[in-house]
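Peer 1: So you can see what is in the structure, the chains are spelled out below.
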Amino acid sequence: MPDVVVIGAGMVGAACAYYAAREGLSVTVVDRAAVAGGTTGSGEGNVLVSDKEPGPELDLAVLSCRLWTELASEAREAGGFEHEPKGGLVVAESDEVLRALTQLAGRQGKSGVVTRQVATAELAGYEPHLAPGFAGGVFYPQDAQVQPMLAAARLIRRWPRVALRTGTEVTGLLMERGRVTGVRTRDGDIPAGAVVNAGGVWGDRIAAFAGVELPIMPRRGFILVTEPLAPAYGASPAGPPAPLVRHKVYTAAYVTNVASDSEGLETSAVVEATRAGTVLIGASRERVGFDRTVSLPVLARLARQAVDLFPALADVRAIRAYCGFRPYCPDHLPVIGADPRVPGLYHACGHEGAGIGLAPVTGLLTARLLTGAEPEIDPAPFRPDRFAGTPG
Amino acid sequence: MTADAATYDLVVVGAGPAGLAAAGVAARAGLRVAVLDSGARVGGQYFRALPDGFRAARPWALHHGFSRFVRLRDGLDGADVLLNHRVWAAGPAPGGGFAVHCLAGREERAGTVTGARLLIATGAHDRVLPFPGWDLPGVMTAGGAQALLKGNLVVAGRRVVVAGTGPFLLPVATSLAAAGAKVAGVFEAGGRFALAPRALTRPGKAAEALAYGWGLARHRVPYKGGRAVVAAHGDGELTHVTVARVDAEWRPYRGGHETVECDVLAVGYGFTPQLDLAAQLGCAIGADAAGGPAVRVDRHMRTGVPGVYAAGETTGVGGADLAELEGLIAGRAVVADALGVPAGTGVGARPEPGTGFGPGIRSEARVGARLEARRRRLTGFARALLRAYPVKDGWTSWLRDDTLICRCEEVPYGRVKEARDLGAADARSIKLLARPGMGWCQGRICGEAVARLAGEEPGPPRRPVAQPVRLGDLAAMDERTSDDDS
Numbered sequence: 001m002p003d004v005v006v007i008g009a010g011m012v013g014a015a016c017a018y019y020a021a022r023e024g025l026s027v028t029v030v031d032r033a034a035v036a037g038g039t040t041g042s043g044e045g046n047v048l049v050s051d052k053e054p055g056p057e058l059d060l061a062v063l064s065c066r067l068w069t070e071l072a073s074e075a076r077e078a079g080g081f082e083h084e085p086k087g088g089l090v091v092a093e094s095d096e097v098l099r100a101l102t103q104l105a106g107r108q109g110k111s112g113v114v115t116r117q118v119a120t121a122e123l124a125g126y127e128p129h130l131a132p133g134f135a136g137g138v139f140y141p142q143d144a145q146v147q148p149m150l151a152a153a154r155l156i157r158r159w160p161r162v163a164l165r166t167g168t169e170v171t172g173l174l175m176e177r178g179r180v181t182g183v184r185t186r187d188g189d190i191p192a193g194a195v196v197n198a199g200g201v202w203g204d205r206i207a208a209f210a211g212v213e214l215p216i217m218p219r220r221g222f223i224l225v226t227e228p229l230a231p232a233y234g235a236s237p238a239g240p241p242a243p244l245v246r247h248k249v250y251t252a253a254y255v256t257n258v259a260s261d262s263e264g265l266e267t268s269a270v271v272e273a274t275r276a277g278t279v280l281i282g283a284s285r286e287r288v289g290f291d292r293t294v295s296l297p298v299l300a301r302l303a304r305q306a307v308d309l310f311p312a313l314a315d316v317r318a319i320r321a322y323c324g325f326r327p328y329c330p331d332h333l334p335v336i337g338a339d340p341r342v343p344g345l346y347h348a349c350g351h352e353g354a355g356i357g358l359a360p361v362t363g364l365l366t367a368r369l370l371t372g373a374e375p376e377i378d379p380a381p382f383r384p385d386r387f388a389g390t391p392g
Numbered sequence: 393m394t395a396d397a398a399t400y401d402l403v404v405v406g407a408g409p410a411g412l413a414a415a416g417v418a419a420r421a422g423l424r425v426a427v428l429d430s431g432a433r434v435g436g437q438y439f440r441a442l443p444d445g446f447r448a449a450r451p452w453a454l455h456h457g458f459s460r461f462v463r464l465r466d467g468l469d470g471a472d473v474l475l476n477h478r479v480w481a482a483g484p485a486p487g488g489g490f491a492v493h494c495l496a497g498r499e500e501r502a503g504t505v506t507g508a509r510l511l512i513a514t515g516a517h518d519r520v521l522p523f524p525g526w527d528l529p530g531v532m533t534a535g536g537a538q539a540l541l542k543g544n545l546v547v548a549g550r551r552v553v554v555a556g557t558g559p560f561l562l563p564v565a566t567s568l569a570a571a572g573a574k575v576a577g578v579f580e581a582g583g584r585f586a587l588a589p590r591a592l593t594r595p596g597k598a599a600e601a602l603a604y605g606w607g608l609a610r611h612r613v614p615y616k617g618g619r620a621v622v623a624a625h626g627d628g629e630l631t632h633v634t635v636a637r638v639d640a641e642w643r644p645y646r647g648g649h650e651t652v653e654c655d656v657l658a659v660g661y662g663f664t665p666q667l668d669l670a671a672q673l674g675c676a677i678g679a680d681a682a683g684g685p686a687v688r689v690d691r692h693m694r695t696g697v698p699g700v701y702a703a704g705e706t707t708g709v710g711g712a713d714l715a716e717l718e719g720l721i722a723g724r725a726v727v728a729d730a731l732g733v734p735a736g737t738g739v740g741a742r743p744e745p746g747t748g749f750g751p752g753i754r755s756e757a758r759v760g761a762r763l764e765a766r767r768r769r770l771t772g773f774a775r776a777l778l779r780a781y782p783v784k785d786g787w788t789s790w791l792r793d794d795t796l797i798c799r800c801e802e803v804p805y806g807r808v809k810e811a812r813d814l815g816a817a818d819a820r821s822i823k824l825l826a827r828p829g830m831g832w833c834q835g836r837i838c839g840e841a842v843a844r845l846a847g848e849e850p851g852p853p854r855r856p857v858a859q860p861v862r863l864g865d866l867a868a869m870d871e872r873t874s875d876d877d878s
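In order, the protein sequences belong to chains H and X.
Residue 24 in the working numbering sits at position 24 of the first sequence, with consecutive numbering throughout.
Residue 478 in the working numbering sits at position 86 of the second sequence, with consecutive numbering throughout.
Worth flagging that the hints you see were computed from the coordinates, not collected in a lab.
Even glycine gets a Cβ: it sits at the ideal position worked out from N, Cα and C.
A hint or two may mislead.
So, partial list: chain H residues that the calculated Cβ filter (under 7 Å) puts toward chain X [to be verified]: (1) M1; (2) R22; (3) A34; (4) L58; (5) V62; (6) A153; (7) A163; (8) R165; (9) E169; (10) T185; (11) L299; (12) A300; (13) R301; (14) A303; (15) L313; (16) A318.
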């Protein structure tokens, strides 16, 4: 009997298993499909501090950025995964936006975020192909990019104490006198000392098995992928050939969209190049349930914003598009920690678009709570019962 | 966006037998019809026409039923034929009906064609199974070899081996031989006479099979069953292949290998319907007789989406005769639906001479019933074919760790195995971990192989962007509001 069953083999579940096993616990990870088959495999692999207002989520993000660097260097021997600390460049469309962005950067600095003011004239030094006319920006060196699918797979394989069971759908929780004592699956029961709900956008369904409510809802995002480009792309306005996109680049409008409660479509393209040579353009935000129907207007909007940032992209072809569902809570914070309503049940889900970035710190905190150790960050803002009384 | 926009009663995507038949019926009934095709000429893969520049004295020599093709081509009756148009997306149009987004010509000029009704007649492409050496120059799909021959009068090579499974290998081999190639052998991985009992129930098909058999014999082409090309070899280009005797599951017998010299290998393991547009539109997709994906249609070729029809290989691979017949039925249904009368009564859409229905047919309704009955027979035969020539799992034993599975992203079999060991339990997670199918062709070539390596039946495609499209063209579709411009 394992000490812990983790439900969900996405990035967050993988990190929970990794850190719990590092603390000496035996872990079984179950997933109804495969490793990284849900939202983990439908995103961009963002590890961002730049897009977060000062507060509990930013505290998580700053620590998690550091943990990602540690994990990537540790995994290098086992074959590793892509982790590029390339930094993020946020550009402002007007002086007014620049003032707001600069002020935000100042406040973020107090939370441990490294920021660098970039004047209009310096923008081309960061991004030679950037469109002219931006009022300036802020560079965030901590922002990074990971390939989360391989990362999740490697973390799950890191410790022999972790067993992985794919194709194993959880159909209920084992309960004894009000306490969760394992999971029920299509392939039989798995008793365990504790159960971690890392069900992502389906985390509410796992909670419902224990008779508790988690207000997690899907927020759809589309991502466009271009054809692979040569490392040095054409002549840039700023001089000789240079990579078309060097960092994660987005406009300051993104920050307001992330925190938005709007049901309608919002897009503010984050543009970046991947190691495979493609350019990723993501991502839209829509509350449309689990609808996978292609929306050409959304793709068109993303394309336009990307071309507005990098005019040279106009002649680059999109070859793919995909969509995924971010698990979001009404207050845009994740759910992390023991559920006081059901002993034995822990939650690690609801990270919205920040699940990849926040996975390591979520795994670390979960492991601390499982072993009764003192967590590095106060988990109170993320407690699972905080929604009582709020409309789900 | 250029001003290609026009509104039609029917937009047909695909100018093969199905698309041409449907467009002709609808146009002759007075509907405004547009036919789009990515090729430079109408006819599709089956009636692949020669470029005009060839001035071939006998253009019909390579084609079965050339007169049928001429009749279909000349029966379009005022339909707008938009060639060299690659469709990258289709969806509901803002003002009702459907918008078909396409890229025209070499310069990929973006445009949109809208229509009240839409027929998907996009055909099928060769099903590819990887094996060691399949990426060598000189190795091509059976369909590719046939296309080269029909479209450009190129004798694909001096010495050719034809291999794979299914009845399509026979016309490929005979037409190559007739065009002067030395066909060193036809190697059928399944049984040589898998279909013989069934074929005898279809006199036309039996005669066709006999004709191929006679053609092979005349050119002294050996035709062997239970044999598979398990490796292709050559230094920079193909020089020879290894042919193995395989058991019923396609696993090679020990020691039953022979080496056959050739400079072209035409290999075909059947066909996969092109379902990108059907999937984008949300049409229900079910399984064909062999478990592969195919659009679900009712007996009038209507899909699950009102206003969208499908005909030909997209509803299940069945060959040109069935495709043309389905196009005819779909065209009649479109006309009836446009006029608001019950489908099958076929308002004014009389079958042309040569479709098997003479002047003795009294009523349109009886024509409809006859067409449906004929479709049932042909579909039954097509299903029997699919079941008779299945792909067997033993092909995976031909793979080596360094055999490329995905050519676009250069993913060898070893990486696919590694992904499986890391917990990639399905095709999608194999793609996410090892990248097969993420490149230029979006898994059209390797998708089926990856699905089979994951132990799945190949499912419907998920390609929101069916053809590469410039971001600038996509961006131009975004309606700029005054707010955005400020």
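Peer 1: Take the hints in turn and mark each one as holding or not.
Peer 2: Cross-check of the supplied hints:
Using the Cβ-Cβ criterion of 7 Å, the hint placing H:M1 at the interface with chain X is not satisfied: the shortest such distance is roughly 22 Å. This hint is violated: H:R22 has a C-beta 19 Å from the nearest C-beta of chain X, more than the 7 Å allowed. Here the hint on H:A34 is kept, as its CB sits about 4 Å from the closest CB of chain X, short of 7 Å. Below 7 Å, beta-carbon pairs count as interface contacts, and H:L58 has none with chain X, the closest being about 29 Å; its hint is therefore violated.
At its closest, the beta carbon of H:V62 sits 28 Å from a beta carbon of chain X; the interface hint therefore is violated under the 7 Å criterion. About 4 Å separates the beta-carbon of H:A153 from the nearest beta-carbon of chain X, less than 7 Å, and the hint is met. A least Cβ separation of about 11 Å between H:A163 and chain X goes past the 7 Å threshold, and the interface hint is therefore violated. Using the Cβ-Cβ criterion of 7 Å, the hint placing H:R165 at the interface with chain X is not satisfied: the shortest such distance is roughly 9 Å.
Below 7 Å, beta-carbon pairs count as interface contacts, and H:E169 has none with chain X, the closest being about 12 Å; its hint is therefore violated. At a threshold of 7 Å, the smallest CB-CB gap from H:T185 to chain X is about 14 Å, leaving the interface hint violated. The criterion of a C-beta within 7 Å of any C-beta in chain X is met by H:L299, whose closest approach is roughly 6 Å, and the hint holds. Look at H:A300: its Cβ gets to within about 4 Å of chain X, closer than 7 Å, so that hint holds up.
A distance limit of 7 Å between C-beta atoms decides the matter here; for H:R301 the minimum to chain X is near 5 Å, and the interface restraint holds. A cut of 7 Å between beta carbons decides the hint on H:A303: the least distance to chain X is about 4 Å, and the hint holds. For H:L313, the interface hint holds, the least distance from its beta-carbon to any beta-carbon of chain X being 5 Å, beneath 7 Å. Proximity of H:A318 to chain X holds as hinted, the smallest CB-CB distance being about 5 Å (cut-off 7 Å).
The structure fails hints 1, 2, 4, 5, 7, 8, 9 and 10 (numbered hints given earlier, in ascending order).
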